Every structure is written in structure tokens, then in C-alpha cells.
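Q: Line order of the protein sequences matches chains U and W.
So for the first sequence, my numbering puts the first residue at 1075; every next one is plus one.
So for the second sequence, my numbering puts the first residue at 70; every next one is plus one.
Hints may be right or wrong, so weigh each one.
As the list claims (entries may be wrong) - Calculated cross-link-like contacts (lysine to any residue; reagent style SDA-like; alpha-carbon spacing at most 25 angstroms):
(1) LYS181(W) to LEU131(W)
(2) LYS1155(U) to GLU139(W)
(3) LYS1216(U) to LEU179(W)
(4) LYS1136(U) to GLU180(W)
(5) LYS1144(U) to GLU80(W)
(6) LYS172(W) to LEU1370(U)
What the hints assert, rightly or not - So, partial list: chain U residues that the calculated Cβ filter (under 8 angstroms) puts toward chain W:
(7) LEU1149
(8) PRO1150
(9) SER1152
(10) GLN1209
(11) MET1212
Quick caveat, the hints were computed from the structure, so don't treat them as lab data.
If you're wondering where the values come from, they're calculated on a predicted model, not measured in any experiment.
Glycine included, every Cβ here is placed at the ideal spot set by N, Cα and C.
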Amino acid sequence: MPTETDRLNANKLDYQEVLRDVARMMVRLKRPDRLLKIITRFIDRQFGLTHTSLLVLDPRKKRYVFVNSKGSKRLPVSLVKFDVDHPMVQWFSGFKQKQPFQKEFLFLSDVKKMLSRAEYRLASNSKADQLAGIQKAMQTLKAELIVPGYFKDTLVGVLMLGRRVNGRCFTKQEVTFFQTLAHDCSMAVKTAEYNQSLVEQNQELARRLEEIERMRSKEQKTYYEIMRSLAEEVHAKEPNIFGHVSEVERLGLMTAREMGIDLSGKTKDLLSAALILHDVGKIGIPDSVLSKPGRLTPEEWKIMKTHVEKGARILEPLTDFKKVREIILSHHERFDGSGYPRGLKGDQISIEARIISVVDSFHAIVSSRCYREGRSLDFAIHEIRNCAGTQFDPVVVDAFLRALKKELQKKGEIPRSLLEYAAG
Amino acid sequence: MMKKLLIVDDEVEICEFLKSFFEDRDYRVAVAHDGVMAFEQVGIFKPDVVLLDIQMPGLDGLQALKKIKEKYPKMKVIMVTAVETQEKIEEAMRLGADNYITKPLSLEYLEKDVQDKIELLAKGV
Ligand SMILES: [Fe+2]
């Protein structure tokens, strides 16, 4: 059986070990509540007290609240608070600017002794009042020893300890140990508060950035909507073109899908936008040219052709749409390199622009007033096929006609031209 | 005459702590853990003052307050609440509560408030 001295020695070693553990944990723990709980539980188990309670400063509310309590006479957590003007808080806050490990702790027995000393009462009434208040609080909370914890000059918490169940007194060494723990708890609380405020600042920053991004994308969306309605208006002004911007969009997406282009998320949005906006530059073409019923003169053609560059310029404010601008700029390029404005060739022309070129031409032909429904479809298909390899990318043409056939098959009205196409 | 206090809270630990706090100050104390039990205790124990928690399962503090004040209009009732929801406090005051205290509470203030109510009763207010 171990002697009392053995036990004390064992305890001594244990303290150092615990303090090291605590120091290690402090560094790791972002939130101190776990550490405070561990410390409270450790004291409770190690010393066999009626209760071990921890009072911690809530800086926002300027009050001290019990956050942890263990032992048979434990206190209900979060029920009792001490305001900053409480005698105990006042007493301990009066120890500012002193070295650590001064005799800042208070035993109930010492408080009683000090109060009974007449000279103390005479020396300072306020100190005596504080001691009376402390005595009352300690008696009420069945505390035998109270140990303050500081961070810099702030009283961060108070470790409140009940009687030892076995009736023994606390040793000097044990009190020093409690002081160290109270100090560590305070450090942990303050460090966590600091970390928390950093986290909050970061969150605030992230929130603002998000807000800016949201406003920006909202602005862009509005701009896009305006562009879209302008594009529709432009087409409405052109003679012989009935149809709709959305029909070109539908045909284009259908072709892309047939080609196996991945149309999830952003890719689809980009292609849609390009299909819808490809002729938006025609806003800048005078109505006398745009709405002219007959053939255009070479001069007028020159003006008409500028719509691709005008369109690209109009889309400049849409920073998300860089790629769309490039597509629009290329939608009148020809596969053999004889198109405008840059005379790009083959896969120098982006695939989206090559798709637009096909579906735009097709739609222009079928919706032209000059042809009757049935005939115009056959005619348009022939035209597109004839120009595969010169004006159009043959791969795109192939995909487009396959997709078109599938669609018309569903309706049960396959034109002759596509029957041939299927045979061939 | 012995001062009588009924403490109503669904948390047993809180009841036990406050019971021993007031017993040390020469009160006779009874406890209840919900509104129904509280109303029964009011009839049996006939307390001078009731400390009544607002948030409780079943019959909550406000409903219990209503029943108590209907039957014993002179009994002093102090509401205790964990969160200061203005709505509930206003409702409690409308139902005749004599005061309210928010948790965490200052024991000094609590003791003084209960004592004040006892003195008001003694004066017949
Ligand atoms: Fe065009």
C-alpha cells in the first residue's frame, strides 16, 4: 500500500505531466470549451472535491458565468452570473499590474480571518465590503478556495473549488498548480476569442466579396437580357426572316448534342448565348441597309459585314463572355478560309462558330418568304449539303442533318432530301 | 411566519441549487418540474412567491402563470427565462407576472427580489 509521501510524489509528477498536456492542448484547440471541461474534470477526479467550478468572463455581456461544474455539490451551469461590479470581481481585478503567482487566491478561512481583523475594516472600508461580499458568495456557492485567472490585465475567469471530501487542506504546491491551470484556462479562452474574431473578420470579408460578385453577375445578367431582346428586335427588322432567335438556339444546341459536345453547365450557357446574340451587332447597322427589301449594293454589303465586329464590341462589358465574343466575331468565317472578317480557316474557327454558321444559314433559308413551307425545307437541306467543305465544316453539317432527321422522324414528315441523305 | 417559496424549473439541478440557497436564508421551499406539477403545488403548499421558469415541456410557464393568477391573484410570481424574448416577457407581464429575471442571474438580485415580494405581501399590496 502506498504511503502518503508516495502519493504526494506521485501527484507531483502528475502535475507536471498535466501542465505539459494542457499547454500542448492549448495550442491545438481552437475552441477552449473542451479544454476547460477537461481541466474541470481532471481537478474533480484528482482532488476529490465537493465541487470544481469554473467561472468565465463573457466579454460582450460584461459578466462572469459558470461554464463548467463537477462533483457531488456541483453548481448548475449557466444559471448564476457575477456582474463586473460584484465584490469578488472587483477584488480580483484590483490585482492588476502584478506579477503572476502572487497570493491572489482566497481561502474562505483567510477571508474570515481578514474580516475579523478590526484594523482591516478600519484601513479600508471598500476592501472590507468587498471581503464581506466575497465571504457571502463563497458560502453560498460552498467554495473553499477561489483562484483567479488573468490574461494580461483582464480577469478572465475564476476557478472555484469546494471542500476536499476527505477533509484535508490544500498544500501550497497544489494551490500553485491551480493558479497555473487558471492561468492556462484564461490563455485558452483569450486565444480562442482572438481566433474567433479573426474567423469572423474573414467571414465578413468573404461575405462582402460574395456580395460584390453577386451584384456583378446580376448586372451582367441584366445586360445579357437587354442584349437578348435587342437581338430579337434586330431579327424582326430583317426582311424575309421569320423566326426567332430561340429557333437558331434550339437548332444549334441540337447539333452540338449530336456531335457529342458536353453540354453541362457553362459550356451550354456559352453556346446558348452565342447562338442568341450572334447577330446583335446588327443593332449598329442602319435600318436603310438592314431592312432593305431588295439586293444590297457592294457598299451596303460592306456595312452589313461590320455587324460581327460591332457585336463583339457590344459584348465587351460582359466579362464572363470573352469566349462568346470570339465566337460571334467568327460566325461569318467560312471553312475554306474565304469568309470574313479575318479569313480564318478550318479549326482556326471555333467549333461553336462553325455550328452557328450552319444553323444560321439553314434557318435563314427555311424562314425566307420566297419559298413555300415544304419546298423551302428541301431546298435548305440541299443548300447546306452543297456547301459542306466550302462554307461549312462537313462534320457539323453531317451532325446537323442527322439531328434534323431524328427530329422530323418523330413528327413523321421526313423530306425527300433527307431520305436520300439517309440512303447515302 | 415562515416565508414560503415555490421553485418551478424543468432542470432538477437548478431546483436543487436554488432550494438549498433559499433554505439557507430561512425559506420553506417546494419545487416543481413542470407547469401541471407547479399548479398542484400552488394549491397544496400555498407559497408566498413562485419562481416560474418560462421554457418548460408540457404546460409551460406562461400557461401555468395564467392558471395561478386566475385562482390566486395575490400570489407573487417571478418569471425566470433563459432568453430575453421581449414577446414572452410582455405576455407574462400582461398575464399578471410580478417581475421577470433572465438567466444567468445574479443571486444577490434574485434574493432581493424575492424578499421585496415577501415584504409587499406583508404590507398587503
Ligand atoms: Fe450574322
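Q: Determine for every hint whether it applies to the structure shown.
A: Results for each hint:
With a C-alpha separation of about 23 angstroms, the suggested pairing of LYS181(W) with LEU131(W) holds against the 25 angstroms cut-off. Between LYS1155(U) and GLU139(W) the alpha-carbon distance is near 33 angstroms, which puts this suggested pair outside the 25 angstroms criterion. Restraint check for LYS1216(U) and LEU179(W): the C-alpha separation of about 18 angstroms stays at or below 25 angstroms, so the hint holds. For a cut-off of 25 angstroms, the pair hint linking LYS1136(U) to GLU180(W) stands: about 21 angstroms separates their Cα positions.
A hinted pair counts as satisfied when its Cα atoms are at most 25 angstroms apart, and LYS1144(U) with GLU80(W) qualifies at roughly 16 angstroms. At most 25 angstroms may separate the alpha-carbon atoms for a hinted pair to count; LYS172(W) and LEU1370(U) exceed this at roughly 85 angstroms. Restraint check, LEU1149(U) versus chain W: the minimum CB separation of about 6 angstroms is within 8 angstroms; hint holds. At its closest, the beta carbon of PRO1150(U) sits 4 angstroms from a beta carbon of chain W; the interface hint therefore holds under the 8 angstroms criterion.
A hinted interface residue such as SER1152(U) counts as satisfied when its beta carbon comes closer than 8 angstroms to some beta carbon of chain W; here the least separation is about 6 angstroms, so the hint holds. With 8 angstroms as the threshold, the beta carbon of GLN1209(U) stays out of range of chain W, its nearest partner Cβ sitting at about 13 angstroms, so the hint is violated. For MET1212(U), the interface hint is violated, since its Cβ never comes within 8 angstroms of a Cβ in chain W; the closest pair sits about 12 angstroms apart.
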